[in-house]
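Protein chains in written order, with numbering that gives the first Met the number 0: chain A, 0 to 446; chain B, 0 to 446; chain C, 0 to 478; chain D, 0 to 478.
Quick caveat, the hints were computed from the structure, so don't treat them as lab data. Treat the numbers as computed from the prediction; the structure is a model and nothing was measured. A few of these clues could be false.
Stated by the list, open to error - Taking lysine-lysine pairs in the BS3-like style, the calculated list, with each CA pair at most 30 Å apart, reads: (1) D/K160 / D/K416; (2) B/K51 / A/K403; (3) C/K386 / B/K303; (4) D/K199 / D/K229; (5) B/K303 / A/K57; (6) B/K36 / C/K229; (7) D/K301 / D/K93; (8) A/K16 / A/K27; (9) A/K57 / D/K205; (10) A/K154 / D/K205; (11) D/K416 / D/K454; (12) D/K342 / A/K15; (13) D/K205 / D/K160.
Claimed, not checked - Non-contacting residues of chain C with respect to chain A, defined by C-beta distances greater than 12 Å in every case (computed): (14) P3; (15) S48; (16) G155; (17) H232; (18) I365; (19) E451.
Even glycine gets a Cβ: it sits at the ideal position worked out from N, Cα and C.
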Amino acid sequence: MDYISNTPSEKEAMLKKIGVENVEDLFKPIPDDVTFKRPFNIPPGLSELELKRMIKSKAARNISMEEQICFAGGGAYDHYIPAHIDHLISRSEFYTAYTPYQAELSQGVLQAMYEYQSMICELTGMEVANSSLLDGGSATGEAVLMASRISRKKKILMSRGINPVYREVARTYGRPRGLEFIDLGLNETVTDMEELEQKLDEDTGAVVLQYPNFFGSIEDLNVVKNLISARKRTLLIIVVNPLTLGVLKPPAEFGADIVVGEGQVLGNPINYGGPYLGIMATRKRYVRQMPGRIVGATTDSDGKRGYVLTLQTREQHIRRARATSNICTNEALNALTAAIYMATMGKKGIKEVGEQSFKKAHYMADRIDDMEGFEVVNKDNFFHEFVIKTPLPSAEIGERLKRKGILGGLDVSRWYSFDGFLVCTTEKRTREEIDGYLEALEVISSD
Amino acid sequence: MDYISNTPSEKEAMLKKIGVENVEDLFKPIPDDVTFKRPFNIPPGLSELELKRMIKSKAARNISMEEQICFAGGGAYDHYIPAHIDHLISRSEFYTAYTPYQAELSQGVLQAMYEYQSMICELTGMEVANSSLLDGGSATGEAVLMASRISRKKKILMSRGINPVYREVARTYGRPRGLEFIDLGLNETVTDMEELEQKLDEDTGAVVLQYPNFFGSIEDLNVVKNLISARKRTLLIIVVNPLTLGVLKPPAEFGADIVVGEGQVLGNPINYGGPYLGIMATRKRYVRQMPGRIVGATTDSDGKRGYVLTLQTREQHIRRARATSNICTNEALNALTAAIYMATMGKKGIKEVGEQSFKKAHYMADRIDDMEGFEVVNKDNFFHEFVIKTPLPSAEIGERLKRKGILGGLDVSRWYSFDGFLVCTTEKRTREEIDGYLEALEVISSD
Amino acid sequence: MIEPLIKDYSSQGRKGYSLPELDVPDIDVKEYLKEGYYREEAPDLPEVSEVDVVRHYTALSEENYGVDSGIYPLGSCTMKYNPKINEEIARLDKLVKLHPYQDEDQIQGTLEIMYELKEYLAEISGMDEVTLQPASGAQGELTGLLIIKKYFEEKGEERTKVIVPDSAHGTNPASAAMAGFKVVEIKSNERGMVDLEALKEAVDEKVAALMLTNPNTLGIFEEEILDIAKVVHDAGGLLYYDGANMNAIMGYVRPGDMNFDVLHFNLHKTFSTPHGGGGPGSGPVGVKEFLKPYLPRPLLKKDNDRYYWDYDRPYSIGKVHSFYGNYAVMLRAYTYIRALGGKGLKEVTENAVLNANYLKVRLKDIYELPYEENSLHEFVLSGSRQKKKGVSTLNIAKRLLDYGLYAPTIYFPLIVKEALMIEPTETENLKTLNQFVETMKIISREIEESPELVKEAPRNTPVRKLDEAQAARNPDLRW
Amino acid sequence: MIEPLIKDYSSQGRKGYSLPELDVPDIDVKEYLKEGYYREEAPDLPEVSEVDVVRHYTALSEENYGVDSGIYPLGSCTMKYNPKINEEIARLDKLVKLHPYQDEDQIQGTLEIMYELKEYLAEISGMDEVTLQPASGAQGELTGLLIIKKYFEEKGEERTKVIVPDSAHGTNPASAAMAGFKVVEIKSNERGMVDLEALKEAVDEKVAALMLTNPNTLGIFEEEILDIAKVVHDAGGLLYYDGANMNAIMGYVRPGDMNFDVLHFNLHKTFSTPHGGGGPGSGPVGVKEFLKPYLPRPLLKKDNDRYYWDYDRPYSIGKVHSFYGNYAVMLRAYTYIRALGGKGLKEVTENAVLNANYLKVRLKDIYELPYEENSLHEFVLSGSRQKKKGVSTLNIAKRLLDYGLYAPTIYFPLIVKEALMIEPTETENLKTLNQFVETMKIISREIEESPELVKEAPRNTPVRKLDEAQAARNPDLRW
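Taking the hints into account, I'd like the entire structure generated from these sequences.
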């Protein structure tokens with residue numbers, strides 16, 4: 000199946016018009032000494048029927064979340080996705096379109112991006128947002144670069160409470176530009192504020208924290224706010240989970256200069272880690288330092304309202320080497336998904352999702368904490384993820400739960416020097432599922 | 000989840016405007032003695048999340064054709080359906096539309112139906128087609144009624160080679176109007192032509208045969224043609240499987256006056272028997288006696304081509320009791336599916352599907368016929384379904400195959416007084432699957 | 000730009016399909032096939048690519064208007080929103096990749112859903128048993144009437160007539176005729192209801208049934224329903240309920256409690272399954288206990304926890320559908336009923352009635368309201384005032400299209416001149432209703448000020464007014 | 000009719016979502032939450048129903064143009080048809096309902112697909128190892144450049160410069176800058192190719208790499224590629240290949256065989272995955288053997304029949320994506336490659352090149368062709384003749400929209416004045432190409448006869464020409 004439309008006789012006619020004999024003649028500019036002369040070592044093409052059969056047989060080797068119960072989080076979450084979202088993003092006018100370079104035939108995507116930006120601003124409390132970055136990790140990376148451009152400083156204080164993979168991506172992004180990343184250690188599951196106070200100095204371009212952080216805990220942002228507000232040219236970057244912001248005070252209230260985060264939770268499927276979308280919002284005065292596409296409202300030649308890509312002098316195709324970032328393709332369809340999700344959940348739903356996740360996680364944590372040999376490390380301070388100390392190594396607990404059809408959580412020793420099991424409970428988990436988990440833990444620990 | 004848009008305060012405002020206190024007041028016309036006063040005994044409403052979970056748990060009790068290999072036919076077939084079909088019929092402008100009463104805002108459906116009619120005519124060789132009936136069975140019923148209207152005769156000769164359920168539906172349709180159904184018996188798997196000759200008389204309004212018939216065999220239509228062409232006022236109704244008509248001579252060539260059939264095979268999912276679609280085509284001169292909606296081309300007030308529902312004086316909303324049928328809602332979306340399927344397969348594909356089904360069925364039948372104790376009854380004359388005589392009762396064979404994950408065929412003793420196993424092989428079945436079936440038969444018969 | 004026909008995309012040798020290579024030994028089909036039946040020349044279907052097909056039907060879809068495009072106020076059609084979760088459910092492999100002849104032990108999940116759906120429909124309607132087999136409302140009517148016919152046959156009574164009010168849906172008389180009955184039409188009274196006297200006069204020992212919609216097609220509830228039922232029952236006849244207007248009564252009154260004996264449902268109206276541009280629908284039929292034996296076969300039954308098809312039904316009218324009806328439509332209706340629950344269904348009716356009454360109040364000063372009675376989920380206006388200015392109801396309908404709205408049902412019911420039959424459904428909201436009102440006002444004003452604008456409508460649609468007479472006179476029914 | 004904003008649908012208390020009732024004991028979140036962090040006032044998101052949402056975004060979609068709407072001749076964007084089977088595959092529960100931290104033993108099917116995809120990409124490009132992690136072409140460029148940077152760091156060489164031709168995609172210099180390099184731009188020669196002399200001059204011991212697209216953005220193949228490579232390699236630098244134009248060369252020449260050391264792919268161009276209105280894309284990076292150690296971690300590996308993620312990569316540049324890249328995009332590309340097979344990919348290239356050359360031949364007499372060289376899958380015209388009549392390339396582009404066609408890439412590459420960069424791709428056919436040619440001819444005629452028509456374009460689009468200057472001057476970036 001090759002999706003090529005030309006028939007042999009059409010090809011013939013075209014070659015004739017061009018004035019060559021064979022299609023191979025069109026490749027004459029390619030010197031013989033580099034020409035590839037054997038067939039590709041790639042299996043022969045398949046019909047749709049064979050293709051589906053072949054791929055399904057591979058898929059059969061997976062065990063998906065349809066076949067087990069997911070309590071894993073750590074940056075990828077199993078939330079409910081309303082059915083109409085896929086229906087809408089499957090409209091081919093949306094998903095088969097390119098970046099809206101010709102605005103007049105792209106008002107659908109453009110207006111949706113404007114709505115996305117608006118709703119991200121509502122959620123975060125910030126003044127402006129872009130129309131998406133590549134994911135939470137690279138958004139964190141872009142944020143530290145942006146902060147460094149604004150502050151003209153290279154030192155970045157980054158809490159160890161930030162998702163370890165975001166920190167890793169941020170470092171990958173920041174180091175080539177000479178950024179110096181300094182870790183802020185933890186007091187159990189929250190950032191050590193004394194350490195922040197000590198390390199924060201004249202040269203600090205940005206302080207980066209996550210809210211709630213990787214362990215699900217709420218950082219002392221009021222303290223951070225006070226510490227930073229005393230320093231004019233140090234920016235505060237807060238990495239958020241946008242789906243907690245129906246319940247949590249928006250980061251803007253703690254003086255955030257740049258808010259970034261992973262937007263997967265806003266209606267995007269879990270997809271083994273991608274495509275997700277990086278969200279980014281900031282203060283109006285920093286908008287020209289913000290990377291990524293931005294949609295703005297304007298009017299047409301009849302005075303009618305319409306939307307365009309704007310402030311493009313920040314971007315690579317105009318500014319080339321002096322652009323705010325190299326980002327070109329972003330995650331527009333995921334941002335559209337997020338827009339539809341935010342609109343669907345609305346003012347009430349966004350709060351209810353957050354509250355249900357919170358309540359279910361607390362129900363679960365309270366009961367685990369009561370269990371012999373278990374302890375919830377951050378029991379007094381978490382949102383919908385929490386860390387447990389377990390009587391067996393958490394890797395072992397995870398393995399045993401897996402055998403019972405439960406994706407029980409994440410072994411944090413993968414990223415940290417201590418053992419702990421990071422458990423996440425979303426609104427999707429039922430009491431029955433939670434109780435089943437608790438029961439499984441009982442059995443495992445009494446084995 | 001109730002999909003109701005009005006908010007409490009909007010309801011308030013509307014009630015006020017109407018001039019009543021409560022919504023209950025609007026139901027005052029309903030006398031108290033018939034008013035329903037208790038809540039429905041129907042489970043409470045569910046959120047989408049619960050709904051999906053609940054229905055999936057029921058679905059888990061099914062064993063679908065994804066989990067077994069289907070060699071069952073008998074009027075419902077497992078053909079390959081190209082992926083883009085569902086994408087297109089899921090366009091909400093199509094599937095959420097009503098019957099195209101306002102033609103100017105319904106050109107999409109109307110043009111597609113015109114195309115469907117055209118392609119059905121191409122396949123069958125007939126002059127005109129309607130835009131669908133309810134299914135193959137009711138189409139057969141409508142056909143005999145139509146033939147009786149045209150011939151003004153009540154006697155219908157109906158081959159026992161026609162799908163038994165079509166015959167049953169046809170009788171249900173025909174009897175209230177006084178039609179007399181007379182069976183034509185079988186010589187093994189084909190209609191007894193001598194019996195036809197004997198029974199065919201002055202009073203015969205129609206002769207009905209299936210092509211290929213229920214057993215997969217090709218009837219002696221040339222003989223039928225000769226017998227009937229001698230009688231002016233006897234109509235020939237041929238029930239077709241449209242997907243065989245890329246390979247088989249079109250029924251028009253055998254003098255068919257009315258062609259009907261089950262259109263499921265044209266790209267429609269198997270869906271446990273419905274929705275399917277009845278196809279119907281006829282001669283131009285009978286078009287005003289044809290039931291069901293017909294789309295015609297016309298021009299708009301600017302002279303531009305467009306499409307409308309036409310010849311509506313045949314229909315119930317104009318003619319009421321004197322309509323050609325009571326049919327109103329038809330199977331438009333299934334007809335659209337069929338149109339997309341026919342266009343996609345095209346001239347070549349429609350032939351290739353037929354030929355591959357034919358070849359695979361013959362490969363299989365030849366090998367079964369060679370097996371000890373087995374015999375293919377119609378080995379010299381079948382398309383892609385065939386009847387086997389088995390050493391054990393076919394019900395037993397079917398049961399044993401089922402345990403090996405094979406839907407092996409249909410036990411014809413369900414409908415006929417003889418034992419036989421009706422096996423169907425479509426282009427979807429691989430040699431590996433067929434060989435697996437053969438092997439299973441070997442094992443079963445040697446047990 | 001006019002979208003060409005799919006055949007106009009065709010180019011010889013172009014291919015839009017793919018099939019595996021033949022993996023069994025090749026044979027010459029012509030040789031194997033019964034002689035004289037091989038088609039030498041393939042049917043002249045288009046030769047197009049997948050891109051062609053996708054672009055063509057995408058373009059066609061954009062020339063169509065669905066509920067997702069906006070309000071669809073077709074009276075008696077109940078064009079409510081079609082929830083997307085229903086579509087997802089109706090595509091679950093485990094639910095729909097089922098062959099109709101799979102053994103019952105392989106499809107207990109499916110049978111349970113169908114059985115529960117039957118039970119819900121019985122509860123909603125107050126009937127005792129339900130068949131899901133009819134594939135459309137009209138086929139449901141036929142089924143119901145055949146049951147009535149069979150009932151009288153078994154009783155040995157020869158009843159040849161069916162009474163139908165003049166306001167009835169066209170399918171009612173057509174179905175009665177299909178079922179072999181003679182149709183007796185009775186006039187409505189000045190209040191738009193069944194004239195009890197006319198009914199009494201029409202009723203005799205030859206009457207098999209009265210077919211009734213309640214509320215009727217004017218949206219008016221037949222208050223004298225128990226008297227009507229008594230008249231018919233006293234004469235030995237039965238009562239048939241046309242369920243097209245079920246959206247008006249759920250939770251408030253049940254046809255069974257109004258003494259109807261048989262009814263059909265329209266899953267594609269009341270229960271949110273999409274119309275598909277004209278189908279598929281689904282028209283289950285409910286009956287009272289004494290009519291059970293006559294239901295189509297097979298009948299879905301339950302024995303302890305096992306569901307099965309009962310074919311052993313000697314008094315059955317037979318089959319009306321090859322298999323069990325439009326199963327994938329049932330899945331959608333089932334999903335809808337479970338989403339709403341009992342309480343939700345009642346709220347549906349309340350809001351459908353509220354919306355209709357709101358529209359009526361807002362429109363009745365601009366367009367004539369021929370029947371002033373209280374109405375429920377729909378109402379009928381007349382364009383006769385406007386007709387006097389030379390503008391017909393058809394013109395008004397076409398003008399609505401210009402404003403991006405769909406038009407109401409027009410010229411029906413037949414008892415209202417220049418009828419505009421309006422049913423907004425509960426899924427519209429105050430804003431879309433107001434928008435409809437404003438547009439109807441604008442059109443009314445246009446009729447006063449510049450009637451040509453309305454008479455020449457539509458202008459903003461993919462095509463302008465189409466010549467239906469020409470289409471019927473010179474039928475062009477295929478390429 | 001202008002589609003309002005979703006917030007304009009909002010009505011206080013309206014609800015479009017559903018969640019189960021809370022089934023655990025209720026608690027007061029504010030009380031449990033760390034003090035001072037409870038949001039008292041909920042974010043002011045819209046309050047709308049499912050119907051509102053569906054109608055709004057359906058309406059917006061209808062104001063958008065995708066590949067399924069028609070030709071999309073954006074140069075360097077490779078807007079080919081997106082097969083629907085890919086979408087179906089990318090939605091298989093068993094393939095996509097996977098948490099990124101599931102154990103490898105639960106996702107062997109997925110890892111096998113990713114691994115095979117890597118192998119195919121390596122084969123197509125002639126590279127030795129591939130990472131799928133970069134989520135876009137630009138991120139691929141950054142990744143590739145960081146690998147180069149790391150390589151020299153490990154070698155102890157301080158190389159600070161990256162050379163980029165003046166015809167390069169804007170992302171090239173931007174990525175080089177992101178990677179901390181100084182960008183050195185070199186001029187193209189009069190044939191539109193790299194000027195070997197200029198290159199020699201620019202190359203020194205500080206040069207880390209030359210970034211090149213071949214064929215370049217003019218669609219012209221750099222014939223002297225081996226010489227170019229030698230110049231750079233001799234100076235100790237590396238060659239980076241920008242894979243945006245891969246559709247031009249598959250099966251004819253491989254970047255690895257042209258002595259490129261690093262490259263990125265654009266799965267959303269060459270391999271048919273949809274652009275999504277701007278993303279998601281996927282930008283895998285391929286390298287030669289000696290650069291393997293520096294690839295992002297984790298790297299997908301195979302040990303006998305078991306696939307696993309190798310995190311133990313001490314020389315890795317680190318991560319560029321939180322997880323493994325845009326997996327669901329990879330699924331589509333994998334499906335595409337398997338549908339076509341090796342032979343099919345070569346045919347893709349042949350037809351892409353054929354279509355582009357056909358368009359070029361047919362258009363070059365009407366619009367100036369600034370570079371006469373043979374070109375492959377795309378070519379660049381100049382609107383400078385038309386400009387003299389006062390009509391700009393922008394006007395021409397907008398006028399194309401009036402005819403229902405999308406416009407080519409304009410004003411790029413920068414080295415062509417009034418550039419129109421045209422890439423039809425292989426999924427267009429003679430008919431759509433001819434339609435494009437005819438429209439371009441009509442516009443050319445209009446410019447002669449009634450230039451205002453073109454200057455005032457577009458007229459037939461949902462909005463007319465939008466004021467971009469105003470948007471930038473007075474940013475209105477949210478409601």
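Margin query: Flag every earlier hint the structure violates by its number, smallest first.
Written below: Failing hints, ascending: 5, 9, 15.
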